[in-house]
Amino acid sequence: MGSQGLSHAPLLLDDVYGARERIAGTVSRTPLLRFNVDETPARIFLKLENLQPIGSFKLRGATNAMALVDRRDLANGVWTASAGNMAQALAWVARRLNVPCTVVVPDHAPAVKLEAIRRLGAGITPVPFAQWVEIFRTRTFAGLSGLFVHPFSDRAVMAGNGTIALEILEELPDVDAVVIPYGGGGLACGIASVLRGLKPSIRIYAAEVETAAPLAASLAAGRPTEVRYTPSFVDGIGAPVVFPEMWELACQLLDGSIVVSLRDVAEAIRLLVERNRIVAEGAGAAPVGAALTGSTEGGTVVCIVSGGNIDPDKLAKILGGHLP
Amino acid sequence: MIRLEDVQEARLKIGPFVSRTPTFTSRTLSEQLGTHAYLKLEMFQKTGSFKPRGAFNRMLRLTDADKRQGVVAWSGGNFAQGVAYAGQQLVIRTHIIMPEYTPKNYLEATQGYGAEIELVPSAQAMLDEAEEYRRRGRIVLHPFDDPFMMAGNGTIGLELMEEVPQLTDVIVSIGGGGLMSGIATAIKGLKPAVRIWGVETEGADAMAQSLQAQRIVHITPTSIARTLGAPYVAQDALTLAQRYLEGVTVVPDREAVKALQVILERVKILAEPAASCTLAAAERLRDHFGRDRHVVLVLCGGNISVDDVCSFVRDHP
Numbered sequence: 001m002g003s004q005g006l007s008h009a010p011l012l013l014d015d016v017y018g019a020r021e022r023i024a025g026t027v028s029r030t031p032l033l034r035f036n037v038d039e040t041p042a043r044i045f046l047k048l049e050n051l052q053p054i055g056s057f058k059l060r061g062a063t064n065a066m067a068l069v070d071r072r073d074l075a076n077g078v079w080t081a082s083a084g085n086m087a088q089a090l091a092w093v094a095r096r097l098n099v100p101c102t103v104v105v106p107d108h109a110p111a112v113k114l115e116a117i118r119r120l121g122a123g124i125t126p127v128p129f130a131q132w133v134e135i136f137r138t139r140t141f142a143g144l145s146g147l148f149v150h151p152f153s154d155r156a157v158m159a160g161n162g163t164i165a166l167e168i169l170e171e172l173p174d175v176d177a178v179v180i181p182y183g184g185g186g187l188a189c190g191i192a193s194v195l196r197g198l199k200p201s202i203r204i205y206a207a208e209v210e211t212a213a214p215l216a217a218s219l220a221a222g223r224p225t226e227v228r229y230t231p232s233f234v235d236g237i238g239a240p241v242v243f244p245e246m247w248e249l250a251c252q253l254l255d256g257s258i259v260v261s262l263r264d265v266a267e268a269i270r271l272l273v274e275r276n277r278i279v280a281e282g283a284g285a286a287p288v289g290a291a292l293t294g295s296t297e298g299g300t301v302v303c304i305v306s307g308g309n310i311d312p313d314k315l316a317k318i319l320g321g322h323l324p
Numbered sequence: 325m326i327r328l329e330d331v332q333e334a335r336l337k338i339g340p341f342v343s344r345t346p347t348f349t350s351r352t353l354s355e356q357l358g359t360h361a362y363l364k365l366e367m368f369q370k371t372g373s374f375k376p377r378g379a380f381n382r383m384l385r386l387t388d389a390d391k392r393q394g395v396v397a398w399s400g401g402n403f404a405q406g407v408a409y410a411g412q413q414l415v416i417r418t419h420i421i422m423p424e425y426t427p428k429n430y431l432e433a434t435q436g437y438g439a440e441i442e443l444v445p446s447a448q449a450m451l452d453e454a455e456e457y458r459r460r461g462r463i464v465l466h467p468f469d470d471p472f473m474m475a476g477n478g479t480i481g482l483e484l485m486e487e488v489p490q491l492t493d494v495i496v497s498i499g500g501g502g503l504m505s506g507i508a509t510a511i512k513g514l515k516p517a518v519r520i521w522g523v524e525t526e527g528a529d530a531m532a533q534s535l536q537a538q539r540i541v542h543i544t545p546t547s548i549a550r551t552l553g554a555p556y557v558a559q560d561a562l563t564l565a566q567r568y569l570e571g572v573t574v575v576p577d578r579e580a581v582k583a584l585q586v587i588l589e590r591v592k593i594l595a596e597p598a599a600s601c602t603l604a605a606a607e608r609l610r611d612h613f614g615r616d617r618h619v620v621l622v623l624c625g626g627n628i629s630v631d632d633v634c635s636f637v638r639d640h641p
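Line by line, the protein sequences give chains A and P.
Number 185 in our numbering belongs to position 185 of the first sequence; there are no gaps in the numbering.
Number 460 in our numbering belongs to position 136 of the second sequence; there are no gaps in the numbering.
By construction, these hints were calculated from the structure, which means they are not laboratory data.
Possibly wrong hints are sitting among the right ones.
[Stated by the list, open to error] Stretch by stretch, here's where chain A covers chain P in the computed footprint (C-beta under 8 Å, at least three residues): (1) 344-350; (2) 362-368; (3) 459-468; (4) 584-594.
[Stated by the list, open to error] EDC-like cross-link-like pairs, simulated, lysine to aspartate or glutamate; straight-line CA separation at most 20 Å: (5) P/K428 - A/E274; (6) P/K515 - P/E333; (7) A/K317 - P/E333; (8) P/K515 - P/E483; (9) P/K582 - A/D255; (10) A/K199 - A/E274; (11) A/K314 - P/D632; (12) A/K314 - P/E483; (13) A/K314 - A/E274; (14) A/K314 - P/D631.
Quick reminder that beta carbons are idealized off the backbone N, C-alpha and C, glycines included.
Sequences and hints are given; from them, build the entire structure.
Structural data, given as structure tokens:
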């Protein structure tokens, strides 16, 4: 899976300040809350992106990407490849702007997720998985001519994500470390770009799940490395590979990847409900699980709770002490 | 009767001990209600409800002799945790009388903060026992009919005026009236044009009944919103309600449960029925709002166990 030589120049702070202005009326400035558990390895804070409309940080990138394009150029609509949060985010923004939206989904995507996308007014095109994955590389799909918003490998999307870092630094300037779930890398690289620019000494960690941790493997090997991927209830992150153009950014910007078990993630989800009264999905809880391992070292650590879109029955199982 | 100055003074006093909770602009609920909707997230307060604000303001006034004696409190809900937590932080012994049927999560949390718990068979037994301690000269804290509690609660109003200066409406739930009293005093003291809407649930509507009768009416609470289940409202609360409230909206438990689900599924926050009822009321009051108004829903707490959430949803389809 080549990248056709695509390379992302590092994000500029101006890109992110611009994104902030563009998304201000649409996207929520989310709370930064102390994790309500005593005796943790560090002072842990939670950046609650699960409170965004549609329950995910993806709204920031989707909004910025669409805002950068002239209204006339949106006449052909927008589209993306996602079965999850980017699909909902793009559909939500498109509906607000009265722009047609199409989402290309893998044909095994759960009905519940498709229903959520449909309710937001987007059209759905199911395709076989192999074909779907190709879209991340080619950024094209037969018959779709509108603006393609890549879920992660896109400067405008990453700039939108980077606005999270601005908010953190404003509210908690003495932050020592940040832990960010790593799926495609758009969130981690967007946030890390800003943090490196404004507070170079800060420690920045990716959080991955043991069932699919390609970044950790790649960092250990010193080059993009494919891993075996096992599906789990953590469906927002976890891929067999690190995309090459994201790898370049990630290895420059991040200090490492902390890999947690499914049990760690489930425990974090449970604690977040019971102690902080918030709902996080697996990907959103992974950074908290990572911080609880002590691998971030001490000081003030902010965990990006990236989203809250977890199936109610999976949540119920986890709260009952089981692994879905 | 408390005044704005009492709330402002309370803020200085309790500042080091309580959290300043976020006021979150909810685009989801704004769309749903057709207005600008904001959520004051008191479930993020220490102990999971707003009660520490009043508890600290009261307990910080105790003399050294009082502190050595320790305090007695009675509560089937959030006040117990508020007092227990304040006692732990201020190193004051707390003895809390609670009904036997208090949910396990409340009992465990209260004990977790180091309080001594005394279980009694009923709400009436709780009041009788409290009265007995008072007779014997112990300091007994009232959960809501106390000017220091009300002033402490009112600090929420001060925060709202700063966080949402364009505020036009506040929706607040009423148990004994302590929260409403503080918030109304603060907000009306600073911006009289703001409209304040009270909310209760069916089976916990002491204020609505008292406003109707124009005197304190005693009720037997039956609502699942247990933390709204005060048997009566404070006299000062009734006076302030008559003076300041646009009205009291009484919603059925079923609507409070539905609203809880909406907040859980769409905002990803766990609010207890005593808090989610404000959303149910906002739905009923939506014609009073609209695109030009800025409406804050005070979500007073999130102390509900997961088991209770499941059973409420099951029992109120």
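Hints versus structure:
Under the rule that three or more residues need a Cβ within less than 8 Å of chain A, the assignment of the segment 344-350 of chain P holds, with 4 such residues. By the rule of at least three residues with a Cβ nearer than 8 Å to a Cβ of chain A, the coverage given for the segment 362-368 of chain P holds, with 3 such residues. Residues of the segment 459-468 of chain P with a Cβ under 8 Å from some Cβ of chain A number 0, which does not satisfy the need for three, so the listed coverage is violated. By the rule of at least three residues with a Cβ nearer than 8 Å to a Cβ of chain A, the coverage given for the segment 584-594 of chain P holds, with 7 such residues.
Taking the CA atoms of P/K428 and A/E274, the gap is about 13 Å. The hint holds against a cut of 20 Å. Note on P/K515 and P/E333: the hinted pairing holds, with a Cα-Cα distance of about 18 Å set against a maximum of 20 Å. About 47 Å separates the Cα atoms of A/K317 and P/E333, which puts this hinted pair outside 20 Å; it is violated. Proximity of P/K515 to P/E483 is assessed by CA-CA distance (about 13 Å); at most 20 Å being required, the pair is judged to hold.
Proposed proximity of P/K582 and A/D255 is contradicted: the alpha carbons are some 45 Å apart, above 20 Å. At roughly 33 Å between alpha-carbon atoms, A/K199 and A/E274 are farther apart than 20 Å, so this suggested pair is violated. Simply put, A/K314 and P/D632 have alpha-carbon atoms about 17 Å apart, close enough for the 20 Å limit, and the pair holds. Annotation: proposed proximity of A/K314 to P/E483 is violated, straight-line Cα distance about 37 Å (limit 20 Å).
For the given pair, A/K314 sits about 16 Å from A/E274 by alpha-carbon distance, which is consistent with the 20 Å threshold. Only pairs whose Cα atoms come within 20 Å are accepted, and A/K314 paired with P/D631 is accepted, the gap being roughly 15 Å.
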